[in-house]
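Construct all of the structure, not just a fragment, from the sequences and the given hints.
Protein chains: 4
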Amino acid sequence: MASSTQNGVTDLLARYQAIRQQTEKICAPLTPEDSVMQPMADVSPPKWHLGHTTWFFETFILLPNLPAYKAFHPQYAFFFNSYYNSMGSRIARSDRGTLSRPPLEDIYAYRRHVDAEMEKVLTDEKYLQNTQLAPVMELGLQHEQQHQELLLTDIKYIMSCNPLLPSYQLKPTTVSGSILQKQPQNEWSTVPAGLYHIGFQGEGFCFDNELQPHQVYLAEFQARRTLVTNAEYLKFIEAGGYADFTLWLDEGWQISQQQGWQAPLYWLNQEDGWYHFTLHGLEKVDLEAPVTHISFFEALAYANWSGHRLLTEFEWEALAQLHANPLNEGNFMESGMYHPVPANLPEDAETAAQLLGNTWEWTYSGYFPYPGFVTAPGAIGEYNGKFMVNQMVLRGGSCATPQSHIRPTYRNFFHADKRWQFTGIRLAKR
Amino acid sequence: MASSTQNGVTDLLARYQAIRQQTEKICAPLTPEDSVMQPMADVSPPKWHLGHTTWFFETFILLPNLPAYKAFHPQYAFFFNSYYNSMGSRIARSDRGTLSRPPLEDIYAYRRHVDAEMEKVLTDEKYLQNTQLAPVMELGLQHEQQHQELLLTDIKYIMSCNPLLPSYQLKPTTVSGSILQKQPQNEWSTVPAGLYHIGFQGEGFCFDNELQPHQVYLAEFQARRTLVTNAEYLKFIEAGGYADFTLWLDEGWQISQQQGWQAPLYWLNQEDGWYHFTLHGLEKVDLEAPVTHISFFEALAYANWSGHRLLTEFEWEALAQLHANPLNEGNFMESGMYHPVPANLPEDAETAAQLLGNTWEWTYSGYFPYPGFVTAPGAIGEYNGKFMVNQMVLRGGSCATPQSHIRPTYRNFFHADKRWQFTGIRLAKR
Amino acid sequence: MASSTQNGVTDLLARYQAIRQQTEKICAPLTPEDSVMQPMADVSPPKWHLGHTTWFFETFILLPNLPAYKAFHPQYAFFFNSYYNSMGSRIARSDRGTLSRPPLEDIYAYRRHVDAEMEKVLTDEKYLQNTQLAPVMELGLQHEQQHQELLLTDIKYIMSCNPLLPSYQLKPTTVSGSILQKQPQNEWSTVPAGLYHIGFQGEGFCFDNELQPHQVYLAEFQARRTLVTNAEYLKFIEAGGYADFTLWLDEGWQISQQQGWQAPLYWLNQEDGWYHFTLHGLEKVDLEAPVTHISFFEALAYANWSGHRLLTEFEWEALAQLHANPLNEGNFMESGMYHPVPANLPEDAETAAQLLGNTWEWTYSGYFPYPGFVTAPGAIGEYNGKFMVNQMVLRGGSCATPQSHIRPTYRNFFHADKRWQFTGIRLAKR
Amino acid sequence: MASSTQNGVTDLLARYQAIRQQTEKICAPLTPEDSVMQPMADVSPPKWHLGHTTWFFETFILLPNLPAYKAFHPQYAFFFNSYYNSMGSRIARSDRGTLSRPPLEDIYAYRRHVDAEMEKVLTDEKYLQNTQLAPVMELGLQHEQQHQELLLTDIKYIMSCNPLLPSYQLKPTTVSGSILQKQPQNEWSTVPAGLYHIGFQGEGFCFDNELQPHQVYLAEFQARRTLVTNAEYLKFIEAGGYADFTLWLDEGWQISQQQGWQAPLYWLNQEDGWYHFTLHGLEKVDLEAPVTHISFFEALAYANWSGHRLLTEFEWEALAQLHANPLNEGNFMESGMYHPVPANLPEDAETAAQLLGNTWEWTYSGYFPYPGFVTAPGAIGEYNGKFMVNQMVLRGGSCATPQSHIRPTYRNFFHADKRWQFTGIRLAKR
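Chains as they are written, first to last, in UniProt numbering: chain A, 1 to 430; chain B, 1 to 430; chain C, 1 to 430; chain D, 1 to 430.
Just to be clear, a hint being listed does not mean it is correct.
No distinction is drawn between identical chains; accordingly, a pair holds when it is met within one copy or between any pair of copies.
[What the hints assert, rightly or not] Cross-link-like lysine to any residue pairs, in silico, SDA-like; alpha carbons within 25 Å at most:
#1 Lys70 <-> Leu164
#2 Lys120 <-> Gln22
#3 Lys171 <-> Arg20
#4 Lys429 <-> Gly385
#5 Lys171 <-> Lys429
#6 Lys171 <-> Gln259
#7 Lys418 <-> Gln262
#8 Lys418 <-> Gly260
#9 Lys429 <-> Gln215
#10 Lys418 <-> Phe387
#11 Lys386 <-> Gly260
#12 Lys418 <-> Pro402
#13 Lys126 <-> Arg93
Hints are computed from structural coordinates only; laboratory data are not their basis.
Here's what the structure looks like:
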């Protein structure tokens with residue numbers, strides 16, 4: 001964002017266009033029928049994502065600032081509002097899958113229309129100088145990037161429900177060597193005791209939930225340099241980890257029994273071993289890649305079984321401050337892998353790998369406000385704060401996260417039983 | 001069917017083609033997204049209807065009789081089996097709406113493929129002479145006609161769930177005069193006491209549930225010559241019929257309270273009066289047309305309020321034997337009205353109108369086997385018999401029923417709380 | 001009732017006292033805690049039965065007719081109204097088990113209080129001459145007898161939910177020889193074709209649902225002289241009847257799968273064979289006794305498996321007209337067996353046994369109004385008519401039915417999946 | 001416990017007897033029917049509490065240590081195990097209310113039997129010297145004290161479900177003056193920034209979840225000296241707090257809408273003002289007393305509305321370290337008030353009142369393990385750790401907590417929507 005305001009019109013417009021196009025690129029392989037699927041309540045139809053991200057710009061930028069602008073369609077606010085009570089009534093979340101109309105082509109027309117208006121805004125000094133507008137503009141872009149990740153994970157879930165197990169996209173044939181090297185296992189980084197500054201402090205964008213920066217005292221601990229691999233997780237499975245209640249939280253034990261969990265989501269046990277469904281179709285499980293699609297309950301059961309524990313979100317952030325790999329070596333959305341890959345362990349003995357990208361890492365921290373947290377007034381204030389209970393914090397981004405969207409202070413959050421995101425495990429010990 | 005076998009190849013083939021084309025004509029106005037909607041468990045996605053009716057011919061004609069025939073796709077049996085336990089596992093009824101793939105175009109290819117094979121069968125004397133094949137062939141055609149009606153009622157429900165209230169099709173601009181004349185109200189036909197022959201006895205096709213023909217003794221009764229109109233039903237609404245528990249069965253009262261029924265399904269009370277959603281979009285309620293989209297519970301509450309009663313299915317059949325209008329004057333699917341129309345009351349003072357077409361008529365008869373009923377062996381035997389409990393019989397066909405599909409002995413059946421079919425009310429008194 | 005009115009005060013008072021005492025005799029073995037149990041929604045706590053039957057006399061006799069009478073307690077109407085909308089609001093049926101207060105002793109005080117007032121009524125010529133009062137009085141007595149049967153079946157269900165499997169009462173040590181003799185099996189009675197008079201026509205009491213008497217035409221059929229025995233039913237179990245969907249109605253198949261039915265309710269498979277829980281505790285299944293505690297769905301599946309069918313309620317009544325055993329030889333509540341016993345087959349080759357008593361017999365007839373049925377005005381009219389949908393008719397009474405309460409025209413009704421009543425099977429063939 | 005081991009046999013035995021008798025004293029006013037009520041799944045029947053606390057001593061003290069001891073009844077382990085998977089199968093929590101047998105008198109006999117054996121243990125030097133036994137013994141006593149509080153809150157809920165609104169006990173006529181004086185409002189205590197030692201460090205008993213002691217850095221904050229009163233909460237109600245979604249967490253808003261929350265649990269709006277149901281029956285709301293029976297969601301909505309916030313559990317503990325009133329001035333179970341009372345504000349301007357006793361105080365801290373937390377091996381390890389997700393921490397004890405049971409490091413925990421405990425609100429600001 002600093003560079004955007006320095007370079008003026010061009011940069012911000014270019015970012016806008018690139019992010020908007022990326023969303024449509026993700027949806028390009030879908031049939032119109034794919035675009036309306038909602039096989040579970042957590043999943044939103046891709047058509048809805050396409051409309052909702054557009055509605056965000058229309059509602060928070062165009063309508064309040066362009067006097068002559070009329071809403072593209074009087075009922076789209078009802079269709080595409082997600083959860084902003086301030087913005088009026090909306091379709092129930094679980095009913096998003098009943099919306100066959102407007103057809104997909106109308107949603108693309110809606111995008112074209114809003115994009116054209118937005119491009120006027122982004123080339124008009126009057127708006128570019130408006131300091132009230134800049135943060136909302138930035139929020140709209142960050143918001144759309146969040147939905148890019150959700151699009152990928154929702155599409156994966158949608159495809160997995162179909163008995164044909166269709167492949168969403170072919171796998172990239174060439175992959176950067178930096179993400180494929182082998183790793184020595186069971187190595188640890190040490191973080192010394194002391195007061196750490198937690199929360200976002202730099203220039204540029206952050207979400208309100210990363211504020212205020214504050215101090216947290218941590219005792220010394222050690223963290224695994226790499227994520228838990230499929231090979232390691234398979235030992236837990238084979239040792240009966242899913243059948244040993246002493247490893248589980250009570251709530252996790254109950255849900256795992258009710259839903260019959262025996263392995264991560266998307267895993268299938270075939271005659272010649274374990275397979276899992278990926279965005280490239282059914283594939284053999286790569287033993288050296290990080291395990292993914294596990295709930296917090298499974299992550300914690302695994303940690304208990306291994307004799308270790310999970311990090312808190314504060315420990316994770318301190319680890320990232322001291323021992324993070326450079327950001328540009330991660331496995332993000334841009335790689336097109338859409339799946340975690342084995343670690344390229346840095347030679348420096350203390351540097352941790354895979355902190356950013358690959359999988360979101362469950363922490364044993366509830367999603368609560370930082371000291372001094374305040375919500376913004378109006379609808380924007382509904383963005384994060386109202387979800388601060390009964391969810392766990394995840395850190396680090398995944399293989400479905402846009403690279404420019406993530407940073408070490410970023411706090412993601414999901415309920416402890418969710419498995420359809422690219423979630424994984426990093427261990428700690430004292 | 002008599003004519004088919006008399007005239008040989010040509011007739012049966014022509015019937016097959018006409019019925020198959022009619023199904024696709026019904027689906028022509030739909031978008032691909034429309035074709036996968038399942039907004040309630042009773043409704044099946046139109047794409048599923050298109051595949052299922054095709055699967056029926058493939059499974060019961062082609063696969064058992066054409067040695068060289070291979071299933072079009074190995075998993076379509078799983079997708080498109082409705083409820084035939086004999087034919088193996090299948091997707092749960094309530095999950096039909098999760099099937100974005102195969103795409104709509106593949107289903108049409110499936111239809112082309114099966115149609116081509118079926119046309120070979122229908123022009124090959126070897127098969128035409130096969131007396132085992134003929135009834136299954138006939139069943140397949142009748143089955144597809146049943147699904148034509150379900151397609152129309154399911155499409156109507158799908159469209160009604162969309163806040164845009166889209167029109168499925170424009171209304172026909174010219175309508176046969178025979179179905180639009182005004183009627184005198186409150187006229188009655190008399191059926192004398194005696195033993196009546198109930199059930200199908202003629203040549204041609206009938207479903208197993210219309211057999212065996214048998215005698216039923218009826219006391220004398222009178223039946224209304226016309227269906228209850230919207231004007232009449234409005235009086236019931238305005239008199240507080242929906243708030244007076246003494247008119248209702250206990251189970252009906254509970255469900256009407258839970259679901260907040262205040263009027264028939266699809267009715268909306270606007271400032272300038274009652275509207276209802278039709279397959280041509282939102283329209284003003286025509287006071288002289290028959291009321292429709294009411295449950296059995298509402299039909300009975302209305303009858304109780306009016307001081308009359310509903311007919312039994314045996315009384316209805318006796319009435320049709322003595323006083324039916326000619327079949328060709330009804331308002332069936334072919335009119336394109338897709339909605340009941342006012343009665344054209346015959347001049348003959350005893351002849352009843354609207355017996356066939358317009359709306360299915362709820363009877364106060366449970367759906368049970370006739371004496372001597374036997375189910376066919378194998379999967380075909382699952383067609384009707386296994387549903388013979390906790391459903392009510394409806395008679396007479398509707399404005400969504402193909403004209404060639406209906407006859408006075410035809411027994412339709414739905415649960416007493418269902419409202420999305422074109423259902424209506426005829427009164428009786430003793 | 002004829003004798004009551006002939007002999008005046010004494011008889012009616014004596015009947016009242018005998019029936020009221022019988023209810024309390026049934027509850028004598030219960031602990032206070034037993035008296036408030038409601039382990040499923042169908043079951044009412046015994047304390048509630050004790051209060052409700054008393055409330056009936058208070059509400060329909062004392063309050064409308066005795067000017068000086070005040071309700072025993074202002075809130076008992078709320079506690080003890082079962083389903084009479086006309087009589088005001090009431091506690092939800094499924095919440096009856098939350099009523100620890102009033103304590104059991106207060107309910108007995110309530111009974112004493114109402115009984116004292118009722119005895120005044122029953123010895124006062126002014127009331128005895130009141131022809132409006134007599135039928136309500138009779139209904140109150142019949143109603144209390146109905147609840148005696150429900151008390152026994154509810155107590156059985158309550159006891160069966162307790163892991164201690166407590167015995168409600170010791171078994172009678174001496175049993176009338178007339179109900180224990182061995183039977184030849186597979187014998188049939190014939191009922192010729194013709195018009196039969198169905199419904200109650202005599203003097204004395206009947207429920208409104210037994211009216212109006214009317215004619216029904218029946219084709220000739222044959223009915224088994226005895227009920228299906230446990231030995232016969234075991235063959236069905238061992239032949240895989242619970243796993244063969246072709247024998248079942250679709251709805252029955254689904255519920256049996258969901259609930260895991262493998263045998264009648266209360267049956268337990270132990271190492272040395274089948275046991276079942278009875279009101280005398282856990283006992284070995286008597287192979288020669290009639291099977292009981294089966295749903296309509298199981299009864300029909302058994303009939304299908306055996307190659308026969310169930311009777312309609314009209315056939316059952318005609319059979320009883322032609323071939324019934326004398327009423328006084330049945331196994332009713334008064335025997336204290338509280339369980340069906342083997343048949344004592346009459347020597348007359350056409351006489352059927354076990355028609356009255358032992359088990360209610362499921363018929364393949366829905367519970368609907370007879371022609372000309374009218375409901376009484378006011379709350380009494382809510383007694384039967386409003387339940388006339390989605391239930392099946394049972395005939396003949398059971399081992400928990402008071403002998404003076406049953407007659408061949410009596411129509412009982414339950415949902416097709418219910419199993420906690422003493423229900424059984426009689427077969428028919430044509 | 002220190003004093004117990006110093007003074008030997010007598011003290012520990014006396015404590016055992018006093019605590020066991022207190023439990024029975026709490027149950028003395030109950031009828032047998034009261035003792036089996038379970039009107040919602042969270043509530044356990046009082047009879048179950050009586051048995052379960054006894055089972056704890058039998059299972060963890062008598063059976064493993066007394067070679068000759070036989071279980072009082074072979075099935076009581078099944079009845080009275082709460083959630084210890086290690087101790088075998090058990091009755092489903094929601095089915096505890098179906099257990100009419102064993103009768104209440106048998107449970108008291110069970111208590112007598114176990115008490116007699118325990119008294120042998122507590123007077124036998126062999127056991128008293130056993131250092132393994134002492135902590136389990138102590139846990140049993142603490143456990144029984146926990147159930148005393150649950151008994152009171154469960155009894156309150158049970159009584160409140162009865163339309164008679166029975167009083168559990170008369171109110172004490174004389175109350176210690178120390179708990180009834182008036183308070184100045186809106187006064188604050190200050191806690192300076194710094195590292196605080198959190199967790200239990202002293203001699204004597206604590207639960208495993210209070211360990212390990214560790215340091216937490218806190219910024220400076222201020223806390224209200226008194227709990228939020230009914231008068232203050234009423235202003236929130238009257239200002240529309242229950243209808244303003246901006247004050248609520250999203251999950252709290254949804255549940256409050258679904259359940260129709262308009263005031264704390266047990267409140268009734270009558271013509272002459274607000275009443276609430278107490279253990280002494282229906283009473284007028286005392287405006288100066290602390291508000292209670294509110295969920296975490298309501299506590300947070302109130303805090304948001306007031307412009308303040310809730311404390312974290314660490315802030316609460318630091319506040320108690322610096323500014324707590326002496327423990328012996330609180331309103332605990334022993335007062336017999338069974339309801340919070342107005343504060344007696346200390347003269348010292350920084351001392352906070354009502355920290356211990358009156359109401360549990362919701363904190364904005366999730367219930368998670370302290371750093372270094374380890375679970376004990378075996379069944380005892382299931383005591384706390386397995387519940388450490390999706391619950392909020394409460395601090396300080398209530399008017400239903402035994403005085404000897406509470407301490408400033410005590411961590412209680414409930415789901416954020418629970419309202420049947422004596423819960424309240426303390427505000428913080430920075």
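Checklist entry - Which earlier hints turn out false for this structure, listed by number in ascending order? => result 5, 6 and 13
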